[in-house]
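Q: These are the residues of each chain, in order.
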Amino acid sequence: MKRLRIERWSGQLLKPRTASSRTRSRPCCQATNSPFNCSRTYSSSSAAQRRTPSDDLIFENDEPLEEVLESSLPGYCPSPPPQAALSSAKLAALHARLDLPKKLPLQTMARTLVDPSADPNVHFNNASLATLGGSIMSYHVSEWLLCTYPRLPMTVLFAAAYAYNGPKTLQLVAREWGVETAAAPGAEVDPGLLQFSKLAPGTRLATREGGSVRPDAKSYFRKGISSSVVYDDEFGDTIPKDSEANAPLPTEDAYASFVKAVVGSIYLHAGREAAKSFVKAHILSRYLDISRLFQFKEPVRELSRLCAREGFEYPVARILSETGRLSRHPVFVVGIFSGPDKLGEGQGPSLQEARTRACVMALKSWYLYSPGNDVRVPSDMEGGAAETQPAWEPVHIDIGEVIH
Amino acid sequence: MDARLIRRPLLDLASGRSQCLLSLNASTRRHQSSYRRAKQRLNVKPDSSFLQSNNSPQQDHIIFNPPSAAPSVFHTPLKFLPKEDKRRQFLEATQSKLKPNSTRLPPLLQPKKGVPHHHLSDADIAEIQRLKREEPDQWNNNKLARKFNCSGMFISICLSQAGSKDVDQLAQHNARLEAIKERWGPRRRMAHEDKQRRMQMALRDE
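Here the protein sequences come in this chain order: A and B. In terms of the numbering used here, the first sequence has 368 at position 368, counting the first letter as 1, and numbering is strictly consecutive. In terms of the numbering used here, the second sequence has 206 at position 206, counting the first letter as 1, and numbering is strictly consecutive.
Hints may contain errors.
[Said to hold, decoys possible] Output of the computed footprint for chain A on chain B, the stretches with three or more beta carbons under 8 angstroms from beta carbons of chain A:
| no. | stretch |
| --- | --- |
| 1 | 62-74 |
| 2 | 103-114 |
| 3 | 130-136 |
| 4 | 192-205 |
[Stated by the list, open to error] As a list, the in silico DSS-like pairs of lysine-lysine whose alpha-carbon atoms are at most 25 angstroms apart:
| no. | chain 1 | residue 1 | chain 2 | residue 2 |
| --- | --- | --- | --- | --- |
| 5 | A | Lys342 | A | Lys297 |
| 6 | B | Lys86 | A | Lys342 |
| 7 | B | Lys79 | A | Lys342 |
| 8 | A | Lys297 | A | Lys223 |
| 9 | A | Lys241 | A | Lys198 |
| 10 | A | Lys297 | B | Lys79 |
| 11 | A | Lys280 | A | Lys241 |
| 12 | B | Lys99 | B | Lys79 |
| 13 | B | Lys113 | A | Lys198 |
| 14 | A | Lys280 | A | Lys297 |
| 15 | A | Lys342 | B | Lys113 |
| 16 | B | Lys113 | B | Lys147 |
| 17 | A | Lys280 | A | Lys102 |
| 18 | B | Lys97 | B | Lys86 |
| 19 | B | Lys112 | A | Lys342 |
| 20 | B | Lys147 | A | Lys342 |
| 21 | B | Lys83 | B | Lys99 |
| 22 | A | Lys90 | A | Lys103 |
| 23 | B | Lys86 | A | Lys297 |
| 24 | A | Lys342 | B | Lys99 |
Since the hints were made in silico from the structure, they are not lab data. Glycine included, every Cβ here is placed at the ideal spot set by N, Cα and C.
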């Protein structure tokens with residue numbers, strides 16, 4: 001039986017059509033030395049149909065020339081061809097500056113810099129890479145947060161995850177890497193520039209009244225946190241309903257999807273460990289003061305509910321020291337005691353404020369409990385690490401927030 | 001009178017607090033000739049916690065004596081540590097060493113009122129609600145609490161379930177408060193706003 005030659009079949013799809021095979025039904029303009037003449041090679045393994053370019057565009061007759069859109073011209077490429085990546089100094093410098101693995105080729109790096117709004121073709125933009133890399137990055141960030149601060153309330157967890165890998169932070173990260181944006185997308189643009197269609201300033205963004213993907217959007221009067229965990233995105237924000245994939249977007253979203261696409265491409269070419277160490281080096285190494293993300297409404301009540309739940313003695317406030325009680329600027333230092341143990345301490349110019357601060361401090365020291373900065377995360381046991389590392393000890397799983 | 005006037009600037013000079021080229025105090029004059037005298041005068045014995053005593057260990061050790069500062073929220077108190085945490089025994093050992101000898105605790109912020117709890121029956125609760133409904137102006141929460149010898153919180157709970165919340169009366173009360181606030185001057189108003197802002201900042205721990 002004859003052997004099936006799959007490369008021959010895909011080769012047929014890649015061959016450019018010559019002028020002799022084209023029909024002569026409509027007028028076209030001459031474009032002999034078109035810069036868009038490109039026969040593209042694929043960086044992905046699967047072959048796909050691509051608008052094939054054509055060399056000769058011949059005048060048919062002497063009818064008046066129609067206005068031809070650049071994008072409708074055969075031979076038009078919305079983003080630079082992959083072989084242009086090998087001659088771009090910016091791209092090579094970025095690759096070296098980030099110390100990316102050698103297995104990651106420059107063509108894939110060029111692809112990560114092309115947003116869907118610049119090039120709608122899924123084989124030449126970074127949409128799929130960004131989806132993959134975004135999942136990996138948010139997985140590592142959230143597992144680190146959950147293992148390092150097991151008792152964080154859900155809202156604070158959302159806020160911390162947003163601070164580590166939200167679009168604004170990823171924009172800062174990409175800017176720190178030295179990635180600049182192209183003024184407008186096109187094939188002649190340097191492949192080392194981030195290419196996207198920028199949303200015009202003053203455009204009204206799709207707001208919540210436009211609809212979201214939540215099934216309970218019309219029936220609830222207050223969005224609960226548990227429903228956010230199920231229906232919303234990783235930061236607790238509602239996912240809008242109509243979001244066109246190739247629409248113009250703000251700069252920060254373009255930078256964010258570029259960073260995610262880099263993580264995705266490292267995962268594809270260099271493996272899981274390389275992607276994890278990249279995320280740890282660039283995202284998780286950033287400093288965030290989590291203690292500043294808290295806001296309480298009734299800390300006294302919340303602390304008394306916490307002590308009742310945990311079986312501690314009822315918390316009472318005691319004055320540790322005070323000065324200037326009848327003066328214009330008194331200072332009271334109040335401590336919250338559960339039996340003989342001090343839970344928290346706070347100072348203020350009035351007794352009520354000092355007690356509030358002490359309760360807030362006690363609650364924060366409950367929520368910010370940490371088994372250590374270098375606690376083991378579940379992904380440490382993946383791959384062949386299960387044999388080399390000691391047995392997995394379960395991390396502390398908290399009962400949940402204090403309901404009051 | 002004249003002698004006193006003259007003496008004062010000389011005293012300032014002699015104390016060395018004023019900045020002057022000619023100063024008579026040893027602590028302000030540093031020359032190699034006066035080094036010995038200055039060194040003697042500046043000899044201050046350090047606090048006993050920094051010195052070795054009979055109780056301190058004989059081998060090399062570290063004296064840990066940090067200045068008093070507000071404690072950090074990242075240091076979890078022993079009571080809040082989960083049972084399986086490995087640092088529990090260390091924290092227990094440290095606490096037992098540093099615990100003050102006296103078991104007397106600081107004074108309470110709000111001294112206990114000594115009001116009994118769980119002593120009112122359903123009839124009493126109905127009576128509370130009846131009094132408030134029939135004579136709202138005369139019976140406010142404090143009077144009811146004193147009459148029935150219970151806490152004001154309990155009175156509020158009883159009345160919140162009675163359905164006797166008068167919208168008109170609430171509006172009148174708020175109007176009275178607004179009238180009082182209108183009469184405030186700018187300083188009083190700013191002080192009030194600052195206090196509210198400070199409470200919001202305290203809730204955010206800023």
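Q: All hints, please: hold or fail.
A: Here is how each hint holds up against the structure:
1. 62-74: Result for this restraint: holds, n = 4.
2. 103-114: That given contact holds, which follows from 7 residues of the stretch 103-114 of chain B lying within Cβ reach (below 8 angstroms) of chain A.
3. 130-136: Contact hint for the stretch 130-136 of chain B vs chain A: violated, 0 residues under 8 angstroms.
4. 192-205: Since three or more residues must qualify, the claim that chain A covers the stretch 192-205 of chain B holds, with 7 doing so at under 8 angstroms.
5. A:Lys342 with A:Lys297: Distance of about 22 angstroms is within 25 angstroms: holds.
6. B:Lys86 with A:Lys342: The given pair, whose Cα atoms are some 21 angstroms apart, holds under the 25 angstroms limit.
7. B:Lys79 with A:Lys342: 9 angstroms, holds
8. A:Lys297 with A:Lys223: 18 angstroms, holds
9. A:Lys241 with A:Lys198: Given pair Lys241 of chain A, Lys198 of chain A holds - Cα atoms ~21 angstroms apart, limit 25 angstroms.
10. A:Lys297 with B:Lys79: 24 angstroms, holds
11. A:Lys280 with A:Lys241: Violated, because 33 angstroms separates the two Cα atoms, which is more than 25 angstroms.
12. B:Lys99 with B:Lys79: OK: Lys99 of chain B and Lys79 of chain B at ~14 angstroms, within 25 angstroms.
13. B:Lys113 with A:Lys198: 67 angstroms, violated
14. A:Lys280 with A:Lys297: 34 angstroms, violated
15. A:Lys342 with B:Lys113: Cα-Cα ~23 angstroms, so holds.
16. B:Lys113 with B:Lys147: 15 angstroms, holds
17. A:Lys280 with A:Lys102: 19 angstroms, holds
18. B:Lys97 with B:Lys86: Holds, because 19 angstroms separates the two Cα atoms, which is no more than 25 angstroms.
19. B:Lys112 with A:Lys342: 19 angstroms, holds
20. B:Lys147 with A:Lys342: Distance of about 37 angstroms is beyond 25 angstroms: violated.
21. B:Lys83 with B:Lys99: Holds, at roughly 21 angstroms.
22. A:Lys90 with A:Lys103: 19 angstroms, holds
23. B:Lys86 with A:Lys297: Distance of about 33 angstroms is beyond 25 angstroms: violated.
24. A:Lys342 with B:Lys99: 11 angstroms, holds
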